[in-house]
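There are 2 protein chains.
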Amino acid sequence: MIRFTVEKRDGNSRAGIIETPHGAVPTPTFMPVGTKGSVKGVLPQQLREAGVGIVLGNTYHLFLRPGHELVRETFGSLHRMIGWDGPILTDSGGFQVFSLGPLRKITEEGVEFRSHLDGSKQFLSPERSIEIQEALGADILMAFDECPALPCSDDEMVASMERTTRWESRCLDARKGDAALFGIVQGGVSESLRRKHLAEIAALNFDGYALGGLSVGEAKEDMYRTVATIAPLMPDDRPRYLMGVGTPRDLVTAILSGIDMFDCVMPTRNARNGQLFTRSGTMNIKNKEFERDTRPIDERCSCLTCRSFARAYLNHLYRNGEILAAVLNSIHNIHYYLDLTATMRRLILEGRAAEGIGLVAAYDR
Amino acid sequence: MIRFTVEKRDGNSRAGIIETPHGAVPTPTFMPVGTKGSVKGVLPQQLREAGVGIVLGNTYHLFLRPGHELVRETFGSLHRMIGWDGPILTDSGGFQVFSLGPLRKITEEGVEFRSHLDGSKQFLSPERSIEIQEALGADILMAFDECPALPCSDDEMVASMERTTRWESRCLDARKGDAALFGIVQGGVSESLRRKHLAEIAALNFDGYALGGLSVGEAKEDMYRTVATIAPLMPDDRPRYLMGVGTPRDLVTAILSGIDMFDCVMPTRNARNGQLFTRSGTMNIKNKEFERDTRPIDERCSCLTCRSFARAYLNHLYRNGEILAAVLNSIHNIHYYLDLTATMRRLILEGRAAEGIGLVAAYDR
Numbered sequence: 001m002i003r004f005t006v007e008k009r010d011g012n013s014r015a016g017i018i019e020t021p022h023g024a025v026p027t028p029t030f031m032p033v034g035t036k037g038s039v040k041g042v043l044p045q046q047l048r049e050a051g052v053g054i055v056l057g058n059t060y061h062l063f064l065r066p067g068h069e070l071v072r073e074t075f076g077s078l079h080r081m082i083g084w085d086g087p088i089l090t091d092s093g094g095f096q097v098f099s100l101g102p103l104r105k106i107t108e109e110g111v112e113f114r115s116h117l118d119g120s121k122q123f124l125s126p127e128r129s130i131e132i133q134e135a136l137g138a139d140i141l142m143a144f145d146e147c148p149a150l151p152c153s154d155d156e157m158v159a160s161m162e163r164t165t166r167w168e169s170r171c172l173d174a175r176k177g178d179a180a181l182f183g184i185v186q187g188g189v190s191e192s193l194r195r196k197h198l199a200e201i202a203a204l205n206f207d208g209y210a211l212g213g214l215s216v217g218e219a220k221e222d223m224y225r226t227v228a229t230i231a232p233l234m235p236d237d238r239p240r241y242l243m244g245v246g247t248p249r250d251l252v253t254a255i256l257s258g259i260d261m262f263d264c265v266m267p268t269r270n271a272r273n274g275q276l277f278t279r280s281g282t283m284n285i286k287n288k289e290f291e292r293d294t295r296p297i298d299e300r301c302s303c304l305t306c307r308s309f310a311r312a313y314l315n316h317l318y319r320n321g322e323i324l325a326a327v328l329n330s331i332h333n334i335h336y337y338l339d340l341t342a343t344m345r346r347l348i349l350e351g352r353a354a355e356g357i358g359l360v361a362a363y364d365r
Numbered sequence: 001m002i003r004f005t006v007e008k009r010d011g012n013s014r015a016g017i018i019e020t021p022h023g024a025v026p027t028p029t030f031m032p033v034g035t036k037g038s039v040k041g042v043l044p045q046q047l048r049e050a051g052v053g054i055v056l057g058n059t060y061h062l063f064l065r066p067g068h069e070l071v072r073e074t075f076g077s078l079h080r081m082i083g084w085d086g087p088i089l090t091d092s093g094g095f096q097v098f099s100l101g102p103l104r105k106i107t108e109e110g111v112e113f114r115s116h117l118d119g120s121k122q123f124l125s126p127e128r129s130i131e132i133q134e135a136l137g138a139d140i141l142m143a144f145d146e147c148p149a150l151p152c153s154d155d156e157m158v159a160s161m162e163r164t165t166r167w168e169s170r171c172l173d174a175r176k177g178d179a180a181l182f183g184i185v186q187g188g189v190s191e192s193l194r195r196k197h198l199a200e201i202a203a204l205n206f207d208g209y210a211l212g213g214l215s216v217g218e219a220k221e222d223m224y225r226t227v228a229t230i231a232p233l234m235p236d237d238r239p240r241y242l243m244g245v246g247t248p249r250d251l252v253t254a255i256l257s258g259i260d261m262f263d264c265v266m267p268t269r270n271a272r273n274g275q276l277f278t279r280s281g282t283m284n285i286k287n288k289e290f291e292r293d294t295r296p297i298d299e300r301c302s303c304l305t306c307r308s309f310a311r312a313y314l315n316h317l318y319r320n321g322e323i324l325a326a327v328l329n330s331i332h333n334i335h336y337y338l339d340l341t342a343t344m345r346r347l348i349l350e351g352r353a354a355e356g357i358g359l360v361a362a363y364d365r
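Chains as they are written, first to last, in the working numbering: chain A, 1 to 365; chain B, 1 to 365.
Hints were generated in silico from the structure; no laboratory data involved.
Put simply, identical chains are the same to the list, so a pair is met inside one copy or across any two.
With a cut-off of at most 30 Å between alpha-carbon atoms, the simulated DSBU-like pairs for lysine-lysine come out as follows:
1. 196 - 176
2. 8 - 220
3. 121 - 286
4. 105 - 176
5. 288 - 121
6. 105 - 121
7. 286 - 220
8. 176 - 121
9. 196 - 105
10. 196 - 220
11. 8 - 196
Predicted, not measured: the structure shown is a model, and the values here were computed from it.
When you get a sec, could you build the whole thing from the sequences and use the hints?
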């Protein structure tokens, strides 16, 4: 189980702490994505040094390889497998499965799909998802929800939300252990549908609540408006998690609306493509302008990469396809994201949360 | 300049120390290859922790990208560029250029070649090679020699050796700074030619001596015999370096013949292909037998990888193409190589060098 305490509020923002069996995590926080049991290119110790408190694991990928039973039987938990002794949150696998498109078939029972690895027939359901997540030993499990393809009509959305509510209720029934379980609120970008679904899900009494189905292609303004409207209505005494988000500005904006937790592949994926985050905006390290630039990526950054290496070297590594380019860029970007959430936390504690938007002034909405 | 001291002899083996402007290196030692200014996947601090004392940089690659002038003007030295404050040895670029085959043209002046990157026409000569290596700021420079394609007749070999002697002499004349400069002995696998060339090169008075042109396709027995015969004849008060070698057994055998230094891509390249070195022989981590194996690669190994991760996790990382597979496998293999040379050093200091062969009993000749 987890315990969540709000230490300080400033407007809708909250500075809190999530206590888990694997340690406490100050919030707001960002969770790097360790899809297949590894935050790509970054060692657990380097995650710690970058300020990471909790890591996300993908149920879909780990279910297919190496398999949750192997993780449990061989290692006891995903933590021991990957050498990360901090807390882990696993997603439900639903989002990936629904992204398979024609390879999957949805029924009330669950989702039948074909593995993207070998085409084998597989099945995920609320019960199966919880079983897998519990086998992985996650500290926080996510409920198995339906992610409707957008655009869809209000009727379709309502039908999907109703199924999601039934599925999430089954997740609560399926839970055998004492891991925390978060419910997910759907409803697209309609305020009324979001309110309706939030009421249904909140009534089920989860340990935390997430906003799903955002940052999936809708207009940025729609996402911001939805978060701003719905986040403050989410149960005040539970962590609030905005799934799959986002850019630095997305994070600050959502924190100001009352969100506590985030995950996104952006810092690591963009790092591997040479895009670095700084207080002055993004920087594409492969650009010729950095070829002789002896400055660190960001002179105000204290990450391993910025302490040790110049832009010119990172430019050289990237242009030559060196493994260290991915490693060093990822370490920096993760540090940037964690520094951003830690700075927002400090501002909230000081009652200056609104100033946070200045941290991302270089980033367009 | 460097200073070399032999601390202890045992048979033909020597335990010594090379003092350089960037620190002292106990010998025998192994130099990981940082081809393009990065030992692939491994951070400088991780090299240190694995026991690395000196790193090799490739003149050919660094000359083409980012260019030696850029390194000097932007960073001052290769050390500062790559964040490695220990000593660096650079090769002459000759071996890579000669490997280009039809893309290069040899004259007495030097070698004209086309870059493998963009086809541009380039030129390397003894003078140019030394200029580049000095611009990179290496602690130890290697003389520019000709590497004759094998098989070749004795007459061709002699002609090549004579040119190499002239070229190496030009290298000594070209040196402007106070970096150490090592001469290279050629002569194939003919004892008489090797002796002849060694006499010529030793007379030029280099700061150290290398055996080149071995491990290039000749029979292993020929290489062992050549090293066993020639290494003991190389100047006793200078470091002896066997270039581009080799397997664990190659190292131990050559150390017993009196070699002090080695370099090879084997530990890092094989690591990226999933082949790991252990006292019990090589292990291919992708094999199914390791899928549920909770032991470290080598229970007697103290590297970061073995301290932190199980074979089953490394198997999972490799099979999924994760960057951390290359990182963790490389850290282990480099540690294995440095542990092997450090153990040989200890055995020599204890007068038990001959027992060293037991360290590599699992490796065939």
